[in-house]
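Novice: Dock chain B against the given chain A, drawing on the hints supplied.
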Amino acid sequence: MATKIFSWMGAAILLLALVIPAAAQDYPNKPINLIIQYPPGGSTDLTARALANGAKKYLGQPIVCENKAGGGGTVGVTLVAAKPADGYTIGIVTSSPTMAYHMGKLNFHPLNDLTPIIRWGNYLFGIVVRADSQFKTMKEIMEYIKQNPEKLSYGSPGVGTPPHLAMEELSMVANVKFTHIPAKGIADNNTALLGGHIDLVSDSSGWAPLVDAGKFRLMAIWSEKRCERYPQVPTIREIGYDVVSRSHLGVIGPKGMPKEVVAKLHDAFRKGMEDPEYKAVMKKFDMNDYYLNTEDYAKYQQSDFENIEKLVKKLGLDKK
Amino acid sequence: MDLFNFLLMGFAVAFDPLNLFYCFIGVLIGTLVGVLPGMGPVAAMSLLLPATFHTTPVASIIMLAGIYYGAMYGGSTTSILVNIPGEAASVMTCLDGYQMARQGRAGRALGISAFGSFIAGSMGIIGLVLIAPPLVEFALKFGPPEYFSLMVLGLTILTFLTSASMIRALMMAAFGLIVGTMGLDNISGLARFTFHIPELLDGVGLVPVVMGLFGISEVLLNIEMKTKREVFTTKVKGLLPTLQDWAKSIGSIIRGTVLGFFLGILPGGGAVIASFVSYAIEKRVSKHPEEFGKGAIQGVAAPEAANNSAAQGAFIPLLTLGIPSNVVMAMLLGALIIHGVTPGPLLLSQHPQLFWGVIASMYVGNIMLLFLNLPLIGLWVQLLKVPYSILFPLIILFCLLGSYSINNSTMDVAIMLAFGVIGYLMKKISLEPAPMVLAFVLGPMMETALRQSLIKSKGSFSIFFTRPISAVCLIIAIALMVIPLLPWFRRPRVTLEQEEFK
Numbered sequence: 000m001a002t003k004i005f006s007w008m009g010a011a012i013l014l015l016a017l018v019i020p021a022a023a024q025d026y027p028n029k030p031i032n033l034i035i036q037y038p039p040g041g042s043t044d045l046t047a048r049a050l051a052n053g054a055k056k057y058l059g060q061p062i063v064c065e066n067k068a069g070g071g072g073t074v075g076v077t078l079v080a081a082k083p084a085d086g087y088t089i090g091i092v093t094s095s096p097t098m099a100y101h102m103g104k105l106n107f108h109p110l111n112d113l114t115p116i117i118r119w120g121n122y123l124f125g126i127v128v129r130a131d132s133q134f135k136t137m138k139e140i141m142e143y144i145k146q147n148p149e150k151l152s153y154g155s156p157g158v159g160t161p162p163h164l165a166m167e168e169l170s171m172v173a174n175v176k177f178t179h180i181p182a183k184g185i186a187d188n189n190t191a192l193l194g195g196h197i198d199l200v201s202d203s204s205g206w207a208p209l210v211d212a213g214k215f216r217l218m219a220i221w222s223e224k225r226c227e228r229y230p231q232v233p234t235i236r237e238i239g240y241d242v243v244s245r246s247h248l249g250v251i252g253p254k255g256m257p258k259e260v261v262a263k264l265h266d267a268f269r270k271g272m273e274d275p276e277y278k279a280v281m282k283k284f285d286m287n288d289y290y291l292n293t294e295d296y297a298k299y300q301q302s303d304f305e306n307i308e309k310l311v312k313k314l315g316l317d318k319k
Numbered sequence: 000m001d002l003f004n005f006l007l008m009g010f011a012v013a014f015d016p017l018n019l020f021y022c023f024i025g026v027l028i029g030t031l032v033g034v035l036p037g038m039g040p041v042a043a044m045s046l047l048l049p050a051t052f053h054t055t056p057v058a059s060i061i062m063l064a065g066i067y068y069g070a071m072y073g074g075s076t077t078s079i080l081v082n083i084p085g086e087a088a089s090v091m092t093c094l095d096g097y098q099m100a101r102q103g104r105a106g107r108a109l110g111i112s113a114f115g116s117f118i119a120g121s122m123g124i125i126g127l128v129l130i131a132p133p134l135v136e137f138a139l140k141f142g143p144p145e146y147f148s149l150m151v152l153g154l155t156i157l158t159f160l161t162s163a164s165m166i167r168a169l170m171m172a173a174f175g176l177i178v179g180t181m182g183l184d185n186i187s188g189l190a191r192f193t194f195h196i197p198e199l200l201d202g203v204g205l206v207p208v209v210m211g212l213f214g215i216s217e218v219l220l221n222i223e224m225k226t227k228r229e230v231f232t233t234k235v236k237g238l239l240p241t242l243q244d245w246a247k248s249i250g251s252i253i254r255g256t257v258l259g260f261f262l263g264i265l266p267g268g269g270a271v272i273a274s275f276v277s278y279a280i281e282k283r284v285s286k287h288p289e290e291f292g293k294g295a296i297q298g299v300a301a302p303e304a305a306n307n308s309a310a311q312g313a314f315i316p317l318l319t320l321g322i323p324s325n326v327v328m329a330m331l332l333g334a335l336i337i338h339g340v341t342p343g344p345l346l347l348s349q350h351p352q353l354f355w356g357v358i359a360s361m362y363v364g365n366i367m368l369l370f371l372n373l374p375l376i377g378l379w380v381q382l383l384k385v386p387y388s389i390l391f392p393l394i395i396l397f398c399l400l401g402s403y404s405i406n407n408s409t410m411d412v413a414i415m416l417a418f419g420v421i422g423y424l425m426k427k428i429s430l431e432p433a434p435m436v437l438a439f440v441l442g443p444m445m446e447t448a449l450r451q452s453l454i455k456s457k458g459s460f461s462i463f464f465t466r467p468i469s470a471v472c473l474i475i476a477i478a479l480m481v482i483p484l485l486p487w488f489r490r491p492r493v494t495l496e497q498e499e500f501k
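Chains A and B are the protein sequences, given in the same order.
Going by numbering that gives the first Met the number 0, 17 is the number at position 18 of the first sequence; the sequence numbering is gapless.
Going by numbering that gives the first Met the number 0, 281 is the number at position 282 of the second sequence; the sequence numbering is gapless.
The following block holds chain A by itself, in its conformation from the complex (with noise of 0.2 Å):
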């Protein structure tokens, strides 16, 4: 009888054992895992991929990039958000939960069941046509569409992303009307476009290679100002129509992380951003480092949660 106590025992410590997280002070001692919310291939895919190889030196382990793409970017933070806080799983994010929350459209809280580690980047959104469209100037676009309202489509990273949500505003303001036809990101818009499936693509500037290869036409950006790369091509603001967006991209974690692992992680993204083949593939598509230590990372996205409730109130888009 005694030896079976003792046994029941022994294995009650040994689960005990494993359930127990290992101590913050040896963090990291297996591989990470990075989940990215978007399409292998894309701006934001390669980016990440790039980051996180430039961050991985600084923490001794692998970094395990991951895409699980789907719901306009949700669905990959909405996995990082149910994992357990060890700082072995975390994400890519951008301001897309954030809409979505506001949309009504996500089950989880994107600032209260996460936890911000690093803001690092910032995109560039355009809207991009086939080379050989009739369409030559964002201005003609505008025209045709009024006259044949919903006659374009327009493939956009998924509902309640930023570059849904900038054609949702160009709509309102200009009095047209798109046909909206979501995808899971850029890399899947790309293929889209060239097969004429759809008629333009609003999204990150995963189009750029397109773009210089002759099989796109860049219209128009997002930005507030004209880009380095792209200086001929207007901003919509230029255009005549008040409209600008921008997102962020950061690494989170799921809620409640010990204070060290996320210090150690940020140490190691900031690190990271000094590669130069990361700053190479930035370049690519004209991205900007948009870096915020985790402080200050927190603050942001709660003026970030704030402005985006406006916006998706004034589209009329919020949860009812």
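Each statement offered as a hint is correct.
Straight-line distance between alpha carbons at most 20 Å, and here's what the computed DMTMM-like set of lysine to aspartate or glutamate pairs gives: (1) A:258 to A:25; (2) A:82 to B:184; (3) A:224 to A:241; (4) A:258 to A:112; (5) A:82 to B:198; (6) A:270 to A:259; (7) A:278 to A:266; (8) B:455 to A:149; (9) A:135 to A:237; (10) B:247 to B:289; (11) A:263 to A:25; (12) A:278 to A:211; (13) A:263 to A:274; (14) A:150 to A:168; (15) A:254 to B:198; (16) A:104 to B:184; (17) A:135 to A:211; (18) B:457 to A:149; (19) A:254 to A:295; (20) A:263 to A:273; (21) B:140 to A:131.
Beta-carbon label-pair distances, calculated as ranges: (22) B:477 to A:136: 38 to 48 Å; (23) A:25 to B:480: 57 to 67 Å; (24) A:312 to B:205: 40 to 50 Å; (25) B:195 to A:295: 31 to 41 Å.
None of these hints come from the bench; they were simulated from the model.
Predicted model, so just to flag it, every value in this text is computed and none were measured.
Ideal Cβ positions, reconstructed from N, Cα and C, are used throughout, including at glycine.
Specialist: Just chain B now, with coordinates in the frame of chain A:
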């Protein structure tokens, strides 16, 4: 420079000692992970990607590509010898390959799959060189409606062919579609069928499902049937297929190659679908469809050829347009970008050395694989001589390790074991797993395509019939559904897998 000079330059790059070395390492690792169930090329490439950062872009792409097409060779070995697909594209090879092994023809099955793979691989490379750009233009014509209809057709063909009862096969397909919807919805991001279990948010993984259905359940069935053991003691004869084997399978190899190549080019298509469809077509065109599932050599040759040429075809959209057609290609894309090479229409003019070097290395790699596989097969034949009391625990161990190692998730192990029991029960009541697995893989893609099509058409289903490619696919699919109901067609149909239980 004309094509010949480009190729010459490519071979000069491929025969560089460093590149030759990386090519060898790539195909060796590829064969190994192909043979090991649970370790697929994706896992191996993601593990080795960081290691390539220290070498040249050409060498690293050569090695990563070698892992991919090497796994296509290796995957067949395990399918034939142990009836477990070494990787997903070898599922169909199990059906007849394993039967051949049981009949003492394992050597010829392995031989024809290696030669079939070599022929398909070589032809795929020639196709890649000659007709890459026009083919991409064609593949781009496939929008959401075409994708949806093509997948409906693929599923219908499979249910039409797998089972004596189409109703049973359709039931399995429906089951697969339901399992495929588990997790977060692709478009809205909301959770479905997750039962508030966080691990299920990500849905159910393909590897645990396949390992359970094809690995664990097979072990469970075999434990019951002690008499089956003697099959494995049969002597394995020579690896060289006879003239008769060649006569039977050369047509299948060529059909599989062409089909696989085209399906490989399709974004989202690839080796897995290619092997499924080519098997179905072989059974259709055969004068003796009743032999399929009972050790028909065509049933080994065609899917193996198809998955190899699909592996080559998949390079076309990546190298010419910068668009990855599957996860493996996406990893190659990432590797290229990190090395400062922008894949896309400019790649050919800016980095001709890389483009032609990688293509030439694939040819070299295919020859290496042929020589590598025949001796290595001998090594794996040894597995047959291992008694079941050792082999079964080993299979279970590999399945456990394999399912755990993908995401380091115990949930995946539980899912695999659950599907092992489900697969066991399914076989007990003669329900085939193949339609279930294909529906499970295609389900999420079909759903996205369906919803995108309906958004585009504003809810009207006419979009599927007004577009020619889509309409043709659907009409064939409907015809396949109706034919079994017609009285003059009510002859007994043959099954793919029935024979396994006798």
